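One-letter residues, chain by chain:
2 protein chains.
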Amino acid sequence: MLLIKRFCGGFQRINAITKGSKPGERLSVQGWIQNIRRLKKNIFFDLNDGSTMRKFQVVIPKNSDTKDIGVGSNISATGCVQTAPNGQLELHAEHVEVIADGNITEGYPFSPKQQHSPEYVREHLHLRSRVDYIAAQLRLRHRAMKAIHDYMDKLDFIQINTPVLTTNDCEGAGEVFRVQPDSADLLKEMTRPSIPIEQSYFDNKVFLSVSGQFHLEAMTYGLGNTYTLNPAFRAENCKSPIHLSEFYMYEAEIAFITNISSLTEFIEKMIKAITSRIIESSLDDLKFCQEKALGSAFDIPWLESPWITLSYDEACDIILANKEKFKTELKPAEGFSKEQELYMVEYCQAPVFVVEWPANQKPFYMKAVRSNPERVHALDLLMPGVGELCGGSLRENDEERLRALPHLPQGLEWYLELRKYGGTPTGGFGMGFERYLQLITGVKNIRDVIPFPRYPHSCKL
Amino acid sequence: MLLIKRFCGGFQRINAITKGSKPGERLSVQGWIQNIRRLKKNIFFDLNDGSTMRKFQVVIPKNSDTKDIGVGSNISATGCVQTAPNGQLELHAEHVEVIADGNITEGYPFSPKQQHSPEYVREHLHLRSRVDYIAAQLRLRHRAMKAIHDYMDKLDFIQINTPVLTTNDCEGAGEVFRVQPDSADLLKEMTRPSIPIEQSYFDNKVFLSVSGQFHLEAMTYGLGNTYTLNPAFRAENCKSPIHLSEFYMYEAEIAFITNISSLTEFIEKMIKAITSRIIESSLDDLKFCQEKALGSAFDIPWLESPWITLSYDEACDIILANKEKFKTELKPAEGFSKEQELYMVEYCQAPVFVVEWPANQKPFYMKAVRSNPERVHALDLLMPGVGELCGGSLRENDEERLRALPHLPQGLEWYLELRKYGGTPTGGFGMGFERYLQLITGVKNIRDVIPFPRYPHSCKL
Numbered sequence: 068m069l070l071i072k073r074f075c076g077g078f079q080r081i082n083a084i085t086k087g088s089k090p091g092e093r094l095s096v097q098g099w100i101q102n103i104r105r106l107k108k109n110i111f112f113d114l115n116d117g118s119t120m121r122k123f124q125v126v127i128p129k130n131s132d133t134k135d136i137g138v139g140s141n142i143s144a145t146g147c148v149q150t151a152p153n154g155q156l157e158l159h160a161e162h163v164e165v166i167a168d169g170n171i172t173e174g175y176p177f178s179p180k181q182q183h184s185p186e187y188v189r190e191h192l193h194l195r196s197r198v199d200y201i202a203a204q205l206r207l208r209h210r211a212m213k214a215i216h217d218y219m220d221k222l223d224f225i226q227i228n229t230p231v232l233t234t235n236d237c238e239g240a241g242e243v244f245r246v247q248p249d250s251a252d253l254l255k256e257m258t259r260p261s262i263p264i265e266q267s268y269f270d271n272k273v274f275l276s277v278s279g280q281f282h283l284e285a286m287t288y289g290l291g292n293t294y295t296l297n298p299a300f301r302a303e304n305c306k307s308p309i310h311l312s313e314f315y316m317y318e319a320e321i322a323f324i325t326n327i328s329s330l331t332e333f334i335e336k337m338i339k340a341i342t343s344r345i346i347e348s349s350l351d352d353l354k355f356c357q358e359k360a361l362g363s364a365f366d367i368p369w370l371e372s373p374w375i376t377l378s379y380d381e382a383c384d385i386i387l388a389n390k391e392k393f394k395t396e397l398k399p400a401e402g403f404s405k406e407q408e409l410y411m412v413e414y415c416q417a418p419v420f421v422v423e424w425p426a427n428q429k430p431f432y433m434k435a436v437r438s439n440p441e442r443v444h445a446l447d448l449l450m451p452g453v454g455e456l457c458g459g460s461l462r463e464n465d466e467e468r469l470r471a472l473p474h475l476p477q478g479l480e481w482y483l484e485l486r487k488y489g490g491t492p493t494g495g496f497g498m499g500f501e502r503y504l505q506l507i508t509g510v511k512n513i514r515d516v517i518p519f520p521r522y523p524h525s526c527k528l
Numbered sequence: 068m069l070l071i072k073r074f075c076g077g078f079q080r081i082n083a084i085t086k087g088s089k090p091g092e093r094l095s096v097q098g099w100i101q102n103i104r105r106l107k108k109n110i111f112f113d114l115n116d117g118s119t120m121r122k123f124q125v126v127i128p129k130n131s132d133t134k135d136i137g138v139g140s141n142i143s144a145t146g147c148v149q150t151a152p153n154g155q156l157e158l159h160a161e162h163v164e165v166i167a168d169g170n171i172t173e174g175y176p177f178s179p180k181q182q183h184s185p186e187y188v189r190e191h192l193h194l195r196s197r198v199d200y201i202a203a204q205l206r207l208r209h210r211a212m213k214a215i216h217d218y219m220d221k222l223d224f225i226q227i228n229t230p231v232l233t234t235n236d237c238e239g240a241g242e243v244f245r246v247q248p249d250s251a252d253l254l255k256e257m258t259r260p261s262i263p264i265e266q267s268y269f270d271n272k273v274f275l276s277v278s279g280q281f282h283l284e285a286m287t288y289g290l291g292n293t294y295t296l297n298p299a300f301r302a303e304n305c306k307s308p309i310h311l312s313e314f315y316m317y318e319a320e321i322a323f324i325t326n327i328s329s330l331t332e333f334i335e336k337m338i339k340a341i342t343s344r345i346i347e348s349s350l351d352d353l354k355f356c357q358e359k360a361l362g363s364a365f366d367i368p369w370l371e372s373p374w375i376t377l378s379y380d381e382a383c384d385i386i387l388a389n390k391e392k393f394k395t396e397l398k399p400a401e402g403f404s405k406e407q408e409l410y411m412v413e414y415c416q417a418p419v420f421v422v423e424w425p426a427n428q429k430p431f432y433m434k435a436v437r438s439n440p441e442r443v444h445a446l447d448l449l450m451p452g453v454g455e456l457c458g459g460s461l462r463e464n465d466e467e468r469l470r471a472l473p474h475l476p477q478g479l480e481w482y483l484e485l486r487k488y489g490g491t492p493t494g495g496f497g498m499g500f501e502r503y504l505q506l507i508t509g510v511k512n513i514r515d516v517i518p519f520p521r522y523p524h525s526c527k528l
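These protein sequence lines are chains A and B, in that order. Taking my numbering, the leading residue of the first sequence gets 68, the next gets one more, and so forth. Taking my numbering, the leading residue of the second sequence gets 68, the next gets one more, and so forth.
Treat the hints with caution; some may be incorrect.
Note that identical chains are pooled: a pair holds if it fits in a single copy or bridges any two copies.
Derived pair list, reagent style DSBU-like, types lysine-lysine, alpha-carbon separation capped at 30 Å [what the hints assert, rightly or not]: (1) K405 to K122; (2) K129 to K398; (3) K487 to K180; (4) K122 to K487; (5) K429 to K134; (6) K221 to K336; (7) K336 to K511; (8) K213 to K255; (9) K272 to K108; (10) K354 to K122; (11) K306 to K394; (12) K107 to K213; (13) K306 to K255; (14) K487 to K405; (15) K221 to K272; (16) K336 to K272; (17) K221 to K390; (18) K527 to K129; (19) K213 to K86; (20) K306 to K354; (21) K306 to K487; (22) K354 to K390; (23) K221 to K354; (24) K134 to K487; (25) K394 to K122; (26) K129 to K394; (27) K487 to K272.
These aren't lab readings, by the way, just hints derived from the structure by calculation. All figures in this text were calculated on a predicted structure; none of them were measured in a lab.
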């Protein structure tokens, strides 16, 4: 606490004041003025320091100190905390110092008295953190990351920075970004015989990672349980409100796991625990974001009740028995449509794990069910509102079975060697971190839950 | 604790056993066999589960269960903890089950009885986490990240995922990687008039970030104190043991800071605190890495004593007064050489902050000293062994002063607008995270403190 006090130079943050101060306490604050009312004797202003969505009112007698104060001004104020007529705490300041003049009357895009659409706010990305609900989203995002790190650390998982640059194009889907030095001179300088010049920096075609799973697996074979919360990239021409070109993947790999039910159990407990932690630490921000997104705050219904596990066949039966309710038919080779996923969640009145998938619908690395090799130990987790949130599987740890696969991708000798020299049974999952934030806040457009959204035709700043 | 027990299925990790178990306790473990000795009646093997660098011996009577066990085998064992003659805990197992056969005799590159050079180990990147000192490095890396997140969270800093993809080439140094979709079809499909085809995905030339500072500044103007611990990239043809093409930058931006001494004070306290935390939580791994790197473990001398601050002029005087000791002369336009940096630390017998730099040696965004605009409020932190660890500054928050700069980079209108609409005084620093890990472990080559090193002509996996 001494460090904190000294570091802040004696100034308190508004979040701490609104939560912990008592009427009569003397203190100092710093922040930006969001709104100002000049009455006969006193000036009233709402001060914001980025720490909370709650308004904090400062009252000061009109005097020579206050004549330059305007909306946007950066100020420090010292005084005594009092309870306002509305029951909230406010600061009765004796002294206000202008640190910098905000000057936000000329051209500032966000009028403090107006509501702006998310699309409009997004046009001004560099100023957007000053908008209350974006600031709340970013604080929540921080809390969610912290909750994940705390949870995984407690369970002895090692965080691995899986690489952004990789020569592995993962599932060969072609939806990857390619990377090379910008300087033609550098490429020339580094040329080697038989390497195409644009590949001369790394001697290879290099891509931005689409998933850290394979890299995590390599680490788990030496370290036990690992996880990553790193950027991932997709070069898709997709402007949907649930896709980004740069996003964050929370992936974990668990050693010595042999049942898909251990994995579903882990995921259910983990999501419930981190969500409860966020609610504990950030209820104000969470409710505020929900309100802004959907018009009213909501309770998260899946925190206490048990979640459901369906086999793929059981899930198909539910869809087929209700087929008149869907725009599109069930196409067994393609899995479920978003509409069908949401129906399944509605039907079960709970989040749903779908397990035991047909092998031909899933990537090569998933573990075959030994009694029925047409099926793999895979799971999709379907959640209300967002549909698929997690995908996971046990990994095929038998080198010979992997080698025998007709569609084994090229260039994965190293991946097979992990099994050759060990063969530890592992399994894991991946969760789109932004999709999770959309789930708990109800925010419709994924571009509003990440500080700097990148999507087709847009990479600002 | 209930969750942890249930999640691990009743198996304990070796780290927890060696720290907390008592002789007589019954338990089960899972892991890989590192070494095996078959005596007349019993088999002795060293079990590794990735949780510690300590050897854990398991003893089991020769029987039908044990005949398939070999080095590399994945096993689970159940039995009773006892104190071995050497004073260490060991497990007297009644039951061993082979989970997977490691088969590491054929072609496995790491002989358990041999020491391998770091260069050799690095050649087998996918298997490298199985080597004891690499595993220890990766656990330490995890602990260091966790210590940073915990420390910053306690001080109310918000973690911001600064973007990897950016249209800002930062200081225009030209040492950047360029990004575009790999698919020519996609580029064609997305073409727009007057946009070069290779830029059609984002309508712009897009680079990999070299620093998150500007993006943090934009966030700090709305949220207060922020930080990032994100990947950064340099396209340099540099094979030095302290440079990587993909590395991690720990950067922070502090609001309402007006003195460079507040920044040096923050950095000193922060580095001391996170290092103390790592020592508390991971002394075994730390000492083990130090021993592997330098032949013997060492105490970190700068944890308790105060650090020194020198002005740039004072630092120059020290170098000039000892100029016969250096291979290269002091070139005032270029700052200090690595040799001179290390000398300064040696001379002061402490880490050294050098402050009040000539403006022409530093980037445009640093705040001019108002009484002497030839100087800027900048700092370099010099540490023993590694030289420069951190760079930082107060930021110029006066829009007009920035606009008047003769060398203001193009395309930063948004950066000026942060000041136009606010002008909050901020300051911050950047620290190469891998450089910090080298500092505390003594590891000479930076490629051994990151799980997947990327450097010229090498981007494996």
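Hint check:
Proximity of K405 to K122 under the C-alpha cut-off of 30 Å is found in neither arrangement, the shortest distances being 39 Å within a copy and 50 Å between copies. In this homomeric assembly, K129 and K398 never come within 30 Å of each other (Cα to Cα): the closest approach is 72 Å inside a single copy and 56 Å across copies. For a Cα distance limit of 30 Å, the shortest separation of K487 from K180 across copies, 20 Å, qualifies, whereas the shortest one inside one copy, 65 Å, does not. For the homomeric pair K122 and K487, the shortest alpha-carbon distance between copies (24 Å) is at most 30 Å, but the shortest distance inside one copy (61 Å) is not.
With identical chains, the CA atoms of K429 and K134 are never at most 30 Å apart, being 67 Å at best within one copy and 37 Å at best between copies. Taking the closest pair of Cα atoms, K221 and K336 come within 30 Å of each other both inside a single copy (14 Å) and across two copies (26 Å). Taking CA atoms no more than 30 Å apart as the test, K336 paired with K511 passes inside one copy only; the shortest distance there is 25 Å, against 42 Å between copies. Neither within a single protomer nor between protomers do K213 and K255 lie at most 30 Å apart by alpha-carbon distance, with minima of 44 Å and 41 Å respectively.
Taking identical chains as interchangeable, the C-alpha atoms of K272 and K108 are never at most 30 Å apart, the minima being 70 Å within one chain and 56 Å between chains. When the C-alpha separation of K354 and K122 is checked against a cutoff of 30 Å, the pair qualifies only within one copy, where the shortest distance is 15 Å, while the shortest distance between copies is 50 Å. Taking the shortest Cα distances, K306 and K394 sit within 30 Å of each other inside one copy (22 Å), while across copies they are farther apart (58 Å). In the homo-oligomer, the alpha carbons of K107 and K213 never lie at most 30 Å apart, since the shortest distance is 47 Å inside one protomer and 53 Å across protomers.
Taking the shortest Cα distances, K306 and K255 sit within 30 Å of each other only across copies (17 Å), while inside one copy they are farther apart (37 Å). Taking CA atoms no more than 30 Å apart as the test, K487 paired with K405 passes in neither setting, with 39 Å inside one copy and 45 Å between copies. When the C-alpha separation of K221 and K272 is checked against a cutoff of 30 Å, the pair qualifies neither within a copy, at 39 Å, nor between copies, at 42 Å. Taking the shortest Cα distances, K336 and K272 never come within 30 Å of each other, neither inside one copy (40 Å) nor across copies (43 Å).
Taking the closest pair of Cα atoms, K221 and K390 never come within 30 Å of each other, the shortest separation being 45 Å inside a single copy and 52 Å across copies. Taking the shortest Cα distances, K527 and K129 never come within 30 Å of each other, neither inside one copy (42 Å) nor across copies (67 Å). In this assembly of identical chains, K213 and K86 lie within 30 Å of each other by CA distance both inside one copy and across copies; the values are 21 Å within and 27 Å between. Only within a single protomer do K306 and K354 lie at most 30 Å apart by alpha-carbon distance; the minimum there is 27 Å, versus 51 Å between protomers.
In this assembly of identical chains, K306 and K487 lie within 30 Å of each other by CA distance neither inside one copy nor across copies; the values are 42 Å within and 32 Å between. Taking identical chains as interchangeable, the C-alpha atoms of K354 and K390 are never at most 30 Å apart, the minima being 36 Å within one chain and 64 Å between chains. Within a single copy, K221 and K354 get their C-alpha atoms as close as 28 Å, and across copies as close as 23 Å, so both meet the 30 Å cut-off. When the C-alpha separation of K134 and K487 is checked against a cutoff of 30 Å, the pair qualifies only between copies, where the shortest distance is 20 Å, while the shortest distance within a copy is 76 Å.
Proximity of K394 and K122 under a CA criterion of 30 Å is satisfied in neither setting, with 46 Å inside one chain copy and 61 Å between copies. In this assembly of identical chains, the alpha carbons of K129 and K394 never lie at most 30 Å apart, being 65 Å within a copy and 65 Å across copies at closest. In this homomeric assembly, K487 and K272 come within 30 Å of each other (Cα to Cα) only inside a single copy, at 27 Å, whereas the closest approach across copies is 43 Å.
In the structure shown, a violation is registered for the earlier hints numbered 1, 2, 5, 8, 9, 12, 14, 15, 16, 17, 18, 21, 22, 25, 26, in ascending order.
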